[in-house]
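Following the hints, put chain B in place on chain A, whose structure we already have.
If you read the protein sequences in the order shown, they are chains A and B. When we follow UniProt numbering, the leftmost residue of the first sequence carries the number 1, and every step to the right adds one. When we follow UniProt numbering, the leftmost residue of the second sequence carries the number 1, and every step to the right adds one.
Hints listed in this document are in silico derivations from the structure and should not be mistaken for laboratory results. It should be emphasised that the depicted structure is a prediction, and the values quoted were computed from it without experimental measurement. Just so you know, even glycine gets a beta-carbon here, dropped at the ideal spot from N, CA and C. Take the hints with a grain of salt, since some may be wrong.
Stated by the list, open to error - Here are the computed lysine to aspartate or glutamate pairs in the DMTMM-like style, where the Cα-Cα straight-line distance is at most 25 Å: (1) A/Lys56 with B/Glu375; (2) B/Lys239 with B/Glu74; (3) A/Lys56 with B/Asp28; (4) B/Lys22 with A/Glu14.
To be verified - Footprint (simulated), chain B over chain A, 3 or more residues, beta carbon under 8 Å: (5) 36–42; (6) 86–96.
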Amino acid sequence: MSSIQEVQDEIVSEFEILGDDKESTIYYIMELGGSLEDFPENERIEENTIKGCQSKVWLIADEKDGKVHFQADSNTDITKGLISLLLRVLNYRSPEEIIKAELNFVERIGMGSIIGSQRSNGFASMIKQIKLYALAIQTKQNA
Amino acid sequence: MGLDIEKIRGLFPVLHQEVHGKPLVYFDNAATTQKPQAVLDALTNYYQHDNSNIHRGAHALADRATRYFEETREAIQHFINAREAAEVIFTKGTTEGINLVASTFRRKFVEKGDEIIISTLEHHSNIVPWQMLCEEKGAILKVIPINEAGEILFEEFEKLLSPKTKLVSIVHASNALGTINPVKQVIDAAHAVGAKVLLDGAQSSSHLNIDVQELDCDFFAFSAHKLYGPTGLGCLYGKREVFETMPPYQGGGEMIKEVTFEKTTYNEIPFKFEAGTPNIGDVIAFKAAIDFINELGKDAIRAHEDELLSYANEQLSQIKGFLPVGTAKEKVSVLSFNINAMHPYDVGMMLDANGIAVRTGHHCTQPLMKRLGLEGTVRASFSVYNSKSEIDKLAEGLSRIARIKNK
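Next comes chain A alone, as it looks inside the complex (with noise of 0.2 Å):
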């Protein structure tokens, strides 16, 4: 499995490609939601939802061989796009890996720019979500 780092310096060259064309980059986003894997329809409900997000998010994390195993959907394509850009880096890993990821992906492919202000205020309250489960999963372990 690729480090956190190399799996972002993908996410960095992608999104080089697309260059300044924010057409196309909004539809690689949104195509990009397609890879998230089906959401359980029953934990589709209210306390599984992000807040602070201008779209609904839904988020849930379970442990799978000491990893985390995150699972997400949202109503709008974009949202999903950008939490699949997330999972492709976080899911699947170690919770100190993910509580001390450091997400420079997020800066370097420009994502303020892309996204806009108001979303970026959605986009933060999901990583603080993602390491908030993963807090969560390395208590239990840890007790």
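Leaving out everything else, chain B in the frame of chain A:
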């Protein structure tokens, strides 16, 4: 003769820029309109030459500032055809105007069991203040239902009216759908049971001729920033006899006649409702916006906007998956829609990538969206400086988006 749109566009510096490498197409006018150079100049000119506190200073600058400030009040008086300038109060915006009425009216006129009527079309700012009032006073909020086209059901409204109705507060033109409400009939029917009527004029004021005497409304609230004027400023019109019976809104300077520690007597209207130093610079600049509208003429503006709306309807109807939302017979230039199977945010984001600014979401009308069974819409709203070629760009962008989504 039609308006010279290219010439009008030339007066708005902000329109001449590129967004994501594409020329800006600004279709978010129902949220706020852009400002002509004359408004920007008036604002700068005030701070460069006349800045001073008004109504009290014993010097030339204060005198000039006071004169210009009050000239705006007179311009607004004529703009809405109020009987006198004192019936125009400056506020922070439509929301504050509604809150002012809700807050002062309740203290004197609303008792437990009384009723307030609003409609399903209301913006949150014309819902929440009344809910707060009802909660505090034990009053009851009644809601006029709508049909699928987004028009209020007048017969249902008449059934809601009773001697218990203290106030009807209704939007003149819906921000989310563009529906123009039959406000004259609403006002007459409400008055027949002794209720007062407040019109939320946030949208209508920029599109329709407003004549508060002919309408006979008791209150009319609107915002400067939707009328090519500065943000953070609005007006509340109220009939003198109604305003005079209402207690003051906030306490402070300006609104008093005489203050002793034992008792304070209040100033006359409009000052009774304008505590503290007002937003002088923006008020003065607002006059330039009113002058701009008057020079073009509301009728000519409306004719151009109507033409844009019907052209947009025509062009967008040809797009596969285009679902218009709000198809009232009487509308201002607001086009709400969805593209089949797409979330409005996604559509808005892709339009933005094409340099096209629209609004997406619930437009601060969640109960309306719920009634229509929608999470939200994409809203394109047109102003006097928009052109048919810009609508072509919107149609092109949407066709591409719809094609990619449905491929």
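Hints and how they fare:
1. Restraint check for A/Lys56 and B/Glu375: satisfied, since their Cα atoms lie roughly 11 Å apart, inside the 25 Å limit.
2. Note on B/Lys239 and B/Glu74: the hinted pairing holds, with a Cα-Cα distance of about 15 Å set against a maximum of 25 Å.
3. Proximity of A/Lys56 to B/Asp28 is assessed by CA-CA distance (about 23 Å); at most 25 Å being required, the pair is judged to hold.
4. About 23 Å separates the Cα atoms of B/Lys22 and A/Glu14, which keeps this hinted pair within 25 Å; it holds.
5. Coverage of a stretch by a chain is defined here by at least three residues with a beta carbon nearer than 8 Å to that chain's beta carbons; for the region 36–42 of chain A and chain B the count is 0, and the condition is violated.
6. Chain B is given as covering the region 86–96 of chain A, and this is violated because 0 residues of the stretch bring a CB closer than 8 Å to a CB of that chain, at least three being needed.
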